[in-house]
Amino acid sequence: MIAVQHPVVPPNPRTVPIDAPEHCPGTESELAGKADACAGCANQEICASGQTKGPDPALPFVRERMSGVKRKILILSGKGGVGKSTFTAQLGWAFSADDRLQTGIMDVDICGPSIPTILGIASEQVHSSSSGWSPVYVQDNLGVMSVGFMLPSSRDAVMWRGPKKNGLISQFLKDVDWGDLDYLLVDTPPGTSDEHLSIVTYLKESGIDGAVVITTPQEVALQDVRREINFCQKVGIRVLGVVENMSGFVCPSCKTESQIFKPSTGGAKRLAEEMVVELLGTVPLDPRIGKSADYGVSFLDEYPDSPASIAYLDIIDRIKRILGD
Amino acid sequence: MASSETPVTRRLKCIKHIIIVCSGKGGVGKSSVSTQLALSLHSSSPTARVAILDVDLTGPSIPRMLGLDGHGVVQSSDGWVPVSADGTEARLSCMSVGFLLKKKDDSVVWRGPKKNAMIRQFLSDVRWGDLDYLVIDTPPGTSDEHLSLLEHMSGVHSRLSAVIVTTPQAVALMDAMKCLSFTRTVNLPILGLIENMSGYVCPCCGEISNVFSTGGGEEMARREGLTFLGSLPVDTELVTLLDAAEVESAADSEGVSEDPAHGTERTFQLFQQYQRTSSSKLFKGIVDRIIDRIPIVEEEQQPHGV
Ligand SMILES: Nc1ncnc2c1ncn2[C@@H]1O[C@H](COP(=O)(O)OP(=O)(O)O)[C@@H](O)[C@H]1O
Ligand SMILES: Nc1ncnc2c1ncn2[C@@H]1O[C@H](COP(=O)(O)OP(=O)(O)O)[C@@H](O)[C@H]1O
Ligand code: SF4
Ligand SMILES: [Mg+2]
Ligand SMILES: [Mg+2]
Chain A
1 MIAVQHPVVP
11 PNPRTVPIDA
21 PEHCPGTESE
31 LAGKADACAG
41 CANQEICASG
51 QTKGPDPALP
61 FVRERMSGVK
71 RKILILSGKG
81 GVGKSTFTAQ
91 LGWAFSADDR
101 LQTGIMDVDI
111 CGPSIPTILG
121 IASEQVHSSS
131 SGWSPVYVQD
141 NLGVMSVGFM
151 LPSSRDAVMW
161 RGPKKNGLIS
171 QFLKDVDWGD
181 LDYLLVDTPP
191 GTSDEHLSIV
201 TYLKESGIDG
211 AVVITTPQEV
221 ALQDVRREIN
231 FCQKVGIRVL
241 GVVENMSGFV
251 CPSCKTESQI
261 FKPSTGGAKR
271 LAEEMVVELL
281 GTVPLDPRIG
291 KSADYGVSFL
301 DEYPDSPASI
311 AYLDIIDRIK
321 RILGD
Chain B
1 MASSETPVTR
11 RLKCIKHIII
21 VCSGKGGVGK
31 SSVSTQLALS
41 LHSSSPTARV
51 AILDVDLTGP
61 SIPRMLGLDG
71 HGVVQSSDGW
81 VPVSADGTEA
91 RLSCMSVGFL
101 LKKKDDSVVW
111 RGPKKNAMIR
121 QFLSDVRWGD
131 LDYLVIDTPP
141 GTSDEHLSLL
151 EHMSGVHSRL
161 SAVIVTTPQA
171 VALMDAMKCL
181 SFTRTVNLPI
191 LGLIENMSGY
201 VCPCCGEISN
211 VFSTGGGEEM
221 ARREGLTFLG
231 SLPVDTELVT
241 LLDAAEVESA
251 ADSEGVSEDP
261 AHGTERTFQL
271 FQQYQRTSSS
281 KLFKGIVDRI
291 IDRIPIVEEE
301 QQPHGV
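Chains as they are written, first to last, in full-length UniProt numbering: chain A, 1 to 325; chain B, 1 to 306.
Be careful, since some hints might not be right.
[What the hints assert, rightly or not] If you want a taste of the chain A side facing chain B, the calculated C-beta under 8 Å gives, among others:
(1) Asp180
(2) Asp182
(3) Pro189
(4) Thr192
(5) Cys251
(6) Gly290
[As the list claims (entries may be wrong)] FRET-style restraints, in silico, Cβ to Cβ:
(7) Gly324(A) to Glu207(B): 44 to 52 Å
(8) Gly50(A) to Leu101(B): 33 to 41 Å
(9) Gly215(B) to Asp98(A): 37 to 45 Å
(10) Asp325(A) to Asp292(B): 58 to 66 Å
Just so you know, these hints were derived from the structure itself, not from any lab. We treat Cβ as the ideally placed atom computed from N, Cα and C, and that holds for glycine.
With these hints in hand, go ahead and build the complete structure from the sequences.
This is how it looks when you write it as structure tokens:
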């Protein structure tokens with residue numbers, strides 16, 4: 001039996017997961033309970049007492065939930081729009097094609113959750129049971145959790161500062177009834193900020209197997225990806241490798257390949273050499289990938305023979321091999 | 001409403017118009033639109049004074065795009081001196097966290113409160129001087145940076161407006177919608193919407209491919225009653241120009257150049273090369289529409305009656 005910290009109700013993200021005011025400095029901050037924002041907050045007494053500054057009380061619950069998860073993989077990139085969520089979805093679909101494997105996808109991009117749309121489950125909602133929030137299932141062996149399932153409408157903006165985002169991430173890890181998983185894939189927002197720090201802090205103890213870093217070939221993306229790899233090194237996350245996405249485009253009319261995002265500084269290949277990480281492979285730009293994502297269908301199933309599908313599957317094989325699976 | 005003077009309002013007093021570029025989604029072209037907007041506003045009149053403030057703290061792209069990688073910020077008795085992007089002409093300046101890093105590949109791993117403090121400092125301590133336009137490039141999302149910006153600039157709210165950038169795919173439009181909800185919640189007026197990366201012309205056969213679909217931004221503008229500022233197709237020359245590839249090779253051979261002449265030369269090139277791209281011609285139309293819209297939007301912001 002998995003312990004549930006408290007009975008969980010599907011959250012209303014406008015007010016929860018934590019009842020803190022907008023400017024809450026964070027319960028583990030030096031200022032917890034003492035900042036201007038704390039005046040009138042229901043948690044002020046407990047925050048001011050210093051109890052909350054110790055190790056996060058969620059940690060033991062996270063550890064317990066995560067004990068049933070074999071592999072935890074982060075999908076990262078400093079840059080936005082490079083295809084993190086798309087890659088996460090392909091990885092999920094590819095793993096779950098094997099019905100002996102149980103896979104979970106956790107979307108911690110709280111301000112821009114794309115996973116529900118890409119997986120074609122955007123209209124679903126989260127349900128709660130005695131054992132926690134139940135993930136939304138794409139199929140029996142592929143469960144998903146995203147803030148996208150909690151919003152009254154997809155038009156709603158989640159205007160949260162860091163501590164509230166952290167609160168939700170901790171709930172995703174401790175209150176979601178993931179069950180036993182072979183793989184937990186974590187899709188992240190761009191950058192190196194609260195979401196990234198939180199996921200690393202919460203999962204450190206249970207162990208992160210590694211990160212797949214996605215980039216596109218041009219320097220403006222690569223410079224952010226260097227920062228992301230630098231972040232992984234700082235916090236001690238193993239980089240499984242780099243994927244270069246949108247690498248070359250074959251004109252459907254004349255079949256000539258051109259570079260839309262020209263690798264003006266050597267692309268992911270040179271970056272991988274410089275930063276001593278593995279280049280897992282390159283995926284071409286294919287407009288059908290974007291369409292499949294918009295319609296929520298599996299690109300790998302729809303166009304199994306396309307060069308992009310072959311590239312994706314090849315990369316996924318390499319990831320498995322690196323992990324020793 | 002008697003607004004009391006704050007360090008931010010004092011600093012921003014001499015800035016006529018502040019334009020926030022936002023999108024919700026990452027990688028749709030906020031930074032490249034901010035850069036193009038600044039360059040085009042700069043060219044819109046021989047006396048226009050323009051600056052860019054880059055508040056993408058964990059993924060600053062503006063220094064690279066303006067060819068100013070490796071430059072540093074000088075502290076003066078009257079605050080931080082922004083980096084000039086047009087040499088001695090001094091009508092285009094820029095501030096970014098990228099100028100504050102010791103090593104440019106260092107990650108900036110900051111939680112919200114630290115970002116908030118940095119943004120406040122950017123708004124209150126940078127010596128912009130008199131400006132016609134301050135363009136603010138933002139990170140993806142609707143979180144700390146955005147909330148902090150709006151909050152610290154509440155004293156100059158009547159001079160604020162925003163441009164929303166999106167690409168045509170559904171996943172990008174969804175985030176653009178969230179961004180629009182955000183601007184409505186914080187009562188930030190919208191100048192209009194730009195659809196970026198809309199269609200690609202094959203350099204070999206001239207066939208137009210909708211690599212990232214097309215038309216979604218225009219349709220969103222119509223549906224939401226926003227001014228549609230224009231579409232920008234995929235422009236591979238622009239990518240290379242904004243990658244500032246030749247700066248890299250120059251810096252490699254000479255070490256990072258602090259030589260102001262080098263900076264001027266590069267900027268001169270940037271302006272010239274940008275004028276030659278197909279994007280700059282389209283952007284000119286966009287900027288004209290923006291300049292027309294600014295007084296209308298600011299007029300609407302004025303409190304009536306009361
Ligand atoms: N190889 C590709 N070819 C064409 N479009 C792609 C490719 N990879 C991703 N896309 C599209 O690019 C956009 C950004 O991808 P997404 O996965 O949302 O990026 P991120 O999660 O990094 O922000 C989406 O519309 C997606 O469908
Ligand atoms: N119209 C366009 N055509 C081709 N590439 C573009 C276009 N607009 C932007 N880009 C490129 O796409 C990448 C992402 O753009 P960027 O401005 O950095 O996005 P954001 O700031 O929204 O993350 C950059 O490499 C940029 O040069
Ligand atoms: S939760 Fe604690 S730290 Fe946050 S505002 Fe309330 S009292 Fe302050
Ligand atoms: Mg994403
Ligand atoms: Mg940017």
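Right, here's what the structure says about each hint:
no.	hint	verdict
1	Asp180	violated (31 Å)
2	Asp182	violated (27 Å)
3	Pro189	holds (6 Å)
4	Thr192	holds (5 Å)
5	Cys251	holds (4 Å)
6	Gly290	holds (5 Å)
7	Gly324(A) to Glu207(B): 44 to 52 Å	holds (45 Å)
8	Gly50(A) to Leu101(B): 33 to 41 Å	holds (34 Å)
9	Gly215(B) to Asp98(A): 37 to 45 Å	holds (39 Å)
10	Asp325(A) to Asp292(B): 58 to 66 Å	holds (59 Å)
Hint compliance for this structure: hints 1 and 2 are not met, and every other hint is.
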